[in-house]
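Work the whole structure out from these sequences, hints included.
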Amino acid sequence: MSSPVSNRLQYDGHEKRIFQINASMSVRGNNTGSFFAFFIVKNGNSASSLDETATLMRINTTADITPVSITGTVSLNPGDFIEIWGQRVSGSGTTNLSIFSLNMSIN
Numbered sequence: 001m002s003s004p005v006s007n008r009l010q011y012d013g014h015e016k017r018i019f020q021i022n023a024s025m026s027v028r029g030n031n032t033g034s035f036f037a038f039f040i041v042k043n044g045n046s047a048s049s050l051d052e053t054a055t056l057m058r059i060n061t062t063a064d065i066t067p068v069s070i071t072g073t074v075s076l077n078p079g080d081f082i083e084i085w086g087q088r089v090s091g092s093g094t095t096n097l098s099i100f101s102l103n104m105s106i107n
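Each residue of the sequence shown is one higher than the one before, counting from 1 in the numbering used here.
Calculated directly from the structure, the hints in this document are not laboratory data.
All the pointers check out, no bait thrown in.
If you anchor each label on the Cβ, the simulated ranges turn out as follows:
#, residue 1, residue 2, range
1, PRO4, SER90, 30 to 38 angstroms
2, GLN87, HIS14, 28 to 36 angstroms
3, SER3, ARG28, 19 to 27 angstroms
4, TRP85, ASN107, 15 to 23 angstroms
5, ASN45, SER2, 13 to 21 angstroms
6, ASP12, SER90, 37 to 45 angstroms
7, ASN7, THR73, 17 to 25 angstroms
8, SER75, SER3, 14 to 22 angstroms
9, PHE35, MET1, 25 to 33 angstroms
10, SER2, THR32, 35 to 43 angstroms
11, ASN45, ASN107, 22 to 30 angstroms
12, SER75, ASN7, 14 to 22 angstroms
All C-beta atoms in this analysis are idealised placements derived from N, C-alpha and C, irrespective of residue type, glycine included.
In structure tokens, the structure reads:
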């Protein structure tokens with residue numbers, strides 16, 4: 001594994017493998033009542049998102065820092081990579097998210 005850019009783990013092995021992924025984040029938003037989904041995406045393509053890894057987060061107050069955990073299994077070929085993406089599910093207006101920590105491991 002390598003991390004050629006921020007928020008990305010790339011498989012540098014020699015043959016296809018199946019991996020268990022665990023990630024945790026600390027997130028704060030500025031738009032009370034909005035819902036966000038965070039999930040694992042393979043090779044930077046939204047069509048390759050691992051929907052089963054989606055975790056929902058609601059912004060209760062703008063002071064809250066919310067823990068988010070994401071787990072899943074993915075098959076990777078040499079050169080494939082995974083990233084954590086976020087998407088607004090509900091709410092309106094402009095929302096800023098602050099990510100205080102992001103930890104991702106792959107086994």
